[in-house]
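Each chain, written out:
Protein chains: 4
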Amino acid sequence: MTGLLAPGSHRATDQVDDAALVAAMLRVETAWARALVVAGLVDGDAADVVERAAVTLRPDPGALLADTELAGNPVVPLVSRLRDSVVAAGGDADAVHRGLTSQDVLDTALVLLARDALRRVRDGLAATADHLAGLARTHRDSVMAGRTLTQHAVPTTFGLKAAQWLAGIDDAADGVDAALDQLPAQYGGAAGTRALVAHLAPDADPTDVATAFAAGLGLRPALPWQTRRGTVTGIGDALTSATDALGSLAADVLLLGRPEVGELREGAAAGRGGSSTMPHKRNPVLAVLVRAAALQAPQLSAQLHLASASGVDERPDGAWHAEWPALQRLLELAVTAASQAAELAAGLEVDSAAMAARAEGAAEALLAESGGTGDVRDHLGEAGATTDAILEDHDARAARRG
Amino acid sequence: MTGLLAPGSHRATDQVDDAALVAAMLRVETAWARALVVAGLVDGDAADVVERAAVTLRPDPGALLADTELAGNPVVPLVSRLRDSVVAAGGDADAVHRGLTSQDVLDTALVLLARDALRRVRDGLAATADHLAGLARTHRDSVMAGRTLTQHAVPTTFGLKAAQWLAGIDDAADGVDAALDQLPAQYGGAAGTRALVAHLAPDADPTDVATAFAAGLGLRPALPWQTRRGTVTGIGDALTSATDALGSLAADVLLLGRPEVGELREGAAAGRGGSSTMPHKRNPVLAVLVRAAALQAPQLSAQLHLASASGVDERPDGAWHAEWPALQRLLELAVTAASQAAELAAGLEVDSAAMAARAEGAAEALLAESGGTGDVRDHLGEAGATTDAILEDHDARAARRG
Amino acid sequence: MTGLLAPGSHRATDQVDDAALVAAMLRVETAWARALVVAGLVDGDAADVVERAAVTLRPDPGALLADTELAGNPVVPLVSRLRDSVVAAGGDADAVHRGLTSQDVLDTALVLLARDALRRVRDGLAATADHLAGLARTHRDSVMAGRTLTQHAVPTTFGLKAAQWLAGIDDAADGVDAALDQLPAQYGGAAGTRALVAHLAPDADPTDVATAFAAGLGLRPALPWQTRRGTVTGIGDALTSATDALGSLAADVLLLGRPEVGELREGAAAGRGGSSTMPHKRNPVLAVLVRAAALQAPQLSAQLHLASASGVDERPDGAWHAEWPALQRLLELAVTAASQAAELAAGLEVDSAAMAARAEGAAEALLAESGGTGDVRDHLGEAGATTDAILEDHDARAARRG
Amino acid sequence: MTGLLAPGSHRATDQVDDAALVAAMLRVETAWARALVVAGLVDGDAADVVERAAVTLRPDPGALLADTELAGNPVVPLVSRLRDSVVAAGGDADAVHRGLTSQDVLDTALVLLARDALRRVRDGLAATADHLAGLARTHRDSVMAGRTLTQHAVPTTFGLKAAQWLAGIDDAADGVDAALDQLPAQYGGAAGTRALVAHLAPDADPTDVATAFAAGLGLRPALPWQTRRGTVTGIGDALTSATDALGSLAADVLLLGRPEVGELREGAAAGRGGSSTMPHKRNPVLAVLVRAAALQAPQLSAQLHLASASGVDERPDGAWHAEWPALQRLLELAVTAASQAAELAAGLEVDSAAMAARAEGAAEALLAESGGTGDVRDHLGEAGATTDAILEDHDARAARRG
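Protein chains in written order, with my numbering: chain A, 3 to 404; chain B, 3 to 404; chain C, 3 to 404; chain D, 3 to 404.
No lab work stands behind these hints: they were computed from the structure.
A hint or two may mislead.
In this list, chains with the same sequence are indistinguishable; a pair is considered to hold if it fits within one copy or across any two.
[What the hints assert, rightly or not] Below are the SDA-like pairs computed for lysine to any residue, each with C-alpha atoms no more than 20 Å apart in a straight line: (1) Lys-283 <-> Arg-267; (2) Lys-283 <-> Pro-223; (3) Lys-283 <-> Ala-65; (4) Lys-283 <-> Ala-370; (5) Lys-283 <-> Gln-184; (6) Lys-283 <-> Ser-82; (7) Lys-283 <-> Ala-367; (8) Lys-283 <-> Asp-69; (9) Lys-283 <-> Ala-270; (10) Lys-283 <-> Glu-53; (11) Lys-283 <-> Asp-179; (12) Lys-283 <-> Gly-373; (13) Lys-283 <-> Gly-92; (14) Lys-283 <-> Thr-375; (15) Lys-283 <-> Glu-362; (16) Lys-283 <-> Asp-47.
Just so you know, these numbers come straight off a predicted model, no measurement behind them.
So that you can see chain A by itself, here it is in the shape it has in the complex:
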């Protein structure tokens, strides 16, 4: 959890902080104990002991951090503690983690965190989209100045602007849904051959074991992907595409909310946007924070690709480790931004009279293309039809998502 320097990141704490990670790793170990039952290596009672130990384990954070550095990852010390708990409860140490490798646990746990985060992002995008759809409908015919390269271009409508934001966000939401559909468990064993289970339980059907493991976590069973990181980069690309779309919305809100423009305004909320020194100010805090998030996500996503591109051996010597904080931060960032954007969209104040007044005042410039004069409203081309098409598409997507 980033904290004070990432305002709003507390919205994402439950999805991404160390406690969530520990819980996820323990869920993975529990699911594995159940899979070992399928393999015939552990009996059901022993797996029960593991599950109870996992549910109640509360490792000391400081010691866990120190031991994590010694091991190079948090799985080794967590497994050690879990084994101790199991043994203390009269259970079998061999029922814990046997046949897995650290990467199996950490990769799968990060996928679980990502799933929770992706769902939260999807919810935030959906809420944002619904609010924007409302704005697009309401302002389908609200004329405003179109602007290109900062200058007035031709007339457009606020409905179309809102619809374009909406279409971008709906596209991003599709990407998030696609990422959610694909989430695999990781199970490869020490070097991707799943050798230990095969060795210990030669008669077990290996596919059954892998399937049970994944099913216990609600994930897709998959061949080992320890050095194929498309799952991770795919999550990153989907989240970054989401913050891209939100960033575009925020950037427009910030520009149109400048006092000299005055066509949009971020909604007021008690205590929001005050200045430490200027009592009159109402800063567009949500838009600023969403925009800041959009400026950060691409570097984090690039980090994931760089790690993927440097995958060597059966587990790489640093590239894998370089993934972790970038993925965690990107999850946090996207959950936060999507949640903030939903509030931003919900509260957005539209001054359509100011829009119309400006468009009319700038009519000469706005109509120069068509050489024409007349009412700016008569030169809106397919603005309305495009708005309608995007709204129709949104309704279809929303229905599909349920």
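Given the coordinates of chain A, work out where chains B, C and D should sit on it, guided by the hints.
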């Protein structure tokens, strides 16, 4: 075209250099003239004149560069030259570019370049994959040391290693195919409302015009996406995922080809890999260049996302422009790397005896997990079955792609 | 603080976490109260009250996070709490923060955090350098194979290799020192004009006020730099240059420590580098983590430059905010990596016999350049002299630093 | 050279394109032939032959590209052609490149390109700074609204705004000057030991040889830095800091030049900023392009750091190659942007009446901090004094630079 500092980039010249761009922009203008026929604004003969002028236009490169800076993009000066040619040929200047905006032309032209490049990347990936499939088949049971965090782990096979490279590349190829399926034309007019055609041809069916334009280029008709850049970032993500997969292959080749390891060797070719001073050297040039490409793509892709995240107004003031060179370079890089990787995979020399000797020599360490002794070949777990599954999947994908 | 997914980051907690940030912001507010005494706007007793309140303030973390998001930055809610404390202690609310702006406080507090972190990084680099100097001295004449593009080139010495690492780290340490020399306080008031103090205390010498403020924190007084972010990017560049140098060391350690090479080995430590499943393994954990850090810093530094490049108005609408988590994370990363690298260098085990045996075994290749045969030790060129020169330079720098 | 997709990049062609690179590599080879005279390995006449051959060599670009890929870098094929020319002229092939390695030549040649580019950037920054100094002087007391987080804050002056741009650019120019002061030649031989010259000319003073080589190119003699890339990252950081400062200027120009603000306007130039469809438009092309450059440089600079961080062996297997196109592109980008910015600053049209009218109209908000009413000009704090201080500093720096 990057040239001497991007060795091999001449493989991509025809897809991405300025000449290819000019040709693509002229194809777009021609397709638009045909669309204006559908709109009833231009007659077929006038469109013919545009096409002939476009096909023969050879603008002076230096003057075009200078005028491009004045205009801020290459479309304005190219349209001006095309209009002059059309008029000189007795045609109608109004048959050129009317109702379009610079962004329509440049975005669509870049999509055309991207399509050519994506196809070349797909071909390179497919060829690479086929060679790797051959290696995986041949070496399905060639034992080698598995390595994690640089150290010996458990035994694996070279077949599985090749299969894992293959699976990564096949996944990336799916992403490239998906990107190819989605490629849209851009047509929005000055600010995304398509106002001018609607104004000039109020009786024309706007959908017919947009459809004709896209169909003339073999692209998908689409609502204006001038500030929604998912198309561009999607291309970038697909290409970067491809170079990721190739980079992982190259990194392994480089490690396993070190003289102290000696399990793989890049194929020899006349004149390749020589040193300027050490006559004995045979440097793994292709692997080095592919790896270098994989280290570059993520930053270029991040550039595309950053541009997307900063989209404002109906055309942004710099973010759009920041996309162009990054996209061009990324296309060049990915085409080059995929082509080089295919050669690398085709020529890869596998020393399975060295692999086996090393695995046997390191048996004690490699078998420590299972506490066991014995033949390393008896501890390969599901290496063979995983190899088979990946090969089967590859065959299915290859068949699907035709 | 990143935690479990950034192993070793607990080494940096005290420098960079939220508690450190809150403490630094309160130090800034205290120094400002003292500066207001110089301005004649506050009497010494009132400043004492502020200081006591600041020293004892322990804001509730959860509430502070929530209010931080409302305000868009942590200064507004912290000032509010500090004012309440001061009033509760019978002090004067006007002695708190008057004439400052949030950015003054946060920028200056981040400079204080950076100072602590830079000093820790410098210490880590110095310790690393000293250990490497020892290795370079000891192994001045230890012959080993030189390697270029993964292949054997000509003979070199481990002394020269260690000396080259050393030179890179000494250069980086110079950069860190230079960054430390320049650290400025930020004081500009609401929009960089310092208007309020001038308004309230027209007879005070504004330079005296700014100087007192900076002196109270041991920083350089400076003109307002709210939209000139060279201070921040300079810190980032210095830290990234440090992790670059450390990354190069780590990458070499990892390669030379592969079992097939066996020329270096990371030192053993109780509990370090174990595997969750393979008892024999001794993973080069420190090198892996340092290398992972080096792969992350460039993106964080790029984030700082991107923010700097987007500075608008008298305080930007998102670019400033995008700086914070990147800077915090980069501080954490560099402190951690420098500390880990010092341990790595201290414990590095050199197998000079293995180096010599390999060089001798590869003599034919290594001597091909000179067409010669004979002892590889007779073809070391200026390896020794270069090692000496770097060591001499190191001694001079170490003496200069005291 | 990037070309049409990097408008204005033709400004930089002579510094950075392949022809410039070939010329620089040939200059390096010539300087080396002269250094071999100092070593006593070549006589002066033979070096003259090399120089004449180098001056007249015009390698076929296509063949050179193809051979560059085979070799992995452009030095090997260029040396081969140079040797052929020398032999054809009756000279001695051994007078060419003997004792160097490809990396020596390419690194040194890139330093020469960088020197030319850095000088051009410095000139562009200096010209920009001088124009901004003029604006700051003229508008020292031109009141305008201060803006933070997009909203009106307190009054400021355009003089202070221009002065802050100026200070940022002067700081960046100092960084460019510092980079220029440090530029080293690269000479290490095959693996950084300079072994071949020592072997062939045991009686020569190696320092004399290295010094002569560097002096012949006007560079600093230096110990080999083949795997220490601080020179390259230092160039990148300096250039990115320059584009950061220019980007901040451009972003402000774009905002203040929006029609709703109307306080600044990019100067008109024949043919500049026209639209392909809207005849009235005058797009702020220079500001857009400078801003786009500023959005691109950070990723390129990150690329250089990533390459540096991955340096292994005596020459890395990909990281070195990943540097080249990023450095070339960054040089091109910075030269172009600095040159464009100088034009932008020279032509900037300031509407101080509009500034004043807006500040007066917004007086209530702008004066809220001080609780005051009255003339906004009475609340400018140290705006004037800060402007003066920056101008004085600029004059001192300009005098120092001569």
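Hint by hint, here is what the structure shows:
With identical chains, the CA atoms of Lys-283 and Arg-267 are at most 20 Å apart within one copy only, with a shortest distance of 13 Å there and 28 Å across copies. When the C-alpha separation of Lys-283 and Pro-223 is checked against a cutoff of 20 Å, the pair qualifies neither within a copy, at 54 Å, nor between copies, at 29 Å. Proximity of Lys-283 and Ala-65 under a CA criterion of 20 Å is satisfied in neither setting, with 46 Å inside one chain copy and 22 Å between copies. Taking identical chains as interchangeable, the C-alpha atoms of Lys-283 and Ala-370 lie at most 20 Å apart only when they sit on different chains, with a minimum of 9 Å there against 38 Å within one chain.
In this assembly of identical chains, Lys-283 and Gln-184 lie within 20 Å of each other by CA distance neither inside one copy nor across copies; the values are 46 Å within and 33 Å between. In this assembly of identical chains, Lys-283 and Ser-82 lie within 20 Å of each other by CA distance solely across copies; the values are 16 Å between and 54 Å within a copy. Taking the shortest Cα distances, Lys-283 and Ala-367 sit within 20 Å of each other only across copies (8 Å), while inside one copy they are farther apart (33 Å). In this assembly of identical chains, the alpha carbons of Lys-283 and Asp-69 lie at most 20 Å apart only when taken from different copies (16 Å versus 49 Å within one copy).
For the homomeric pair Lys-283 and Ala-270, the shortest alpha-carbon distance inside one copy (11 Å) is at most 20 Å, but the shortest distance between copies (36 Å) is not. For the identical chains of this complex, Lys-283 and Glu-53 are neighbours neither inside a copy (54 Å) nor across copies (29 Å), given an alpha-carbon limit of 20 Å. Taking the shortest alpha-carbon separations for Lys-283 and Asp-179, neither the intra-copy value of 39 Å nor the inter-copy value of 40 Å comes in at or below 20 Å. In this assembly of identical chains, Lys-283 and Gly-373 lie within 20 Å of each other by CA distance solely across copies; the values are 13 Å between and 42 Å within a copy.
Taking the closest pair of Cα atoms, Lys-283 and Gly-92 never come within 20 Å of each other, the shortest separation being 64 Å inside a single copy and 29 Å across copies. Taking the shortest alpha-carbon separations for Lys-283 and Thr-375, only the inter-copy value of 16 Å comes in at or below 20 Å, while the best intra-copy value is 40 Å. Taking the shortest alpha-carbon separations for Lys-283 and Glu-362, only the inter-copy value of 17 Å comes in at or below 20 Å, while the best intra-copy value is 29 Å. Taking identical chains as interchangeable, the C-alpha atoms of Lys-283 and Asp-47 are never at most 20 Å apart, the minima being 63 Å within one chain and 32 Å between chains.
Violated hints, in rising order: 2, 3, 5, 10, 11, 13 and 16; the structure is consistent with all others.
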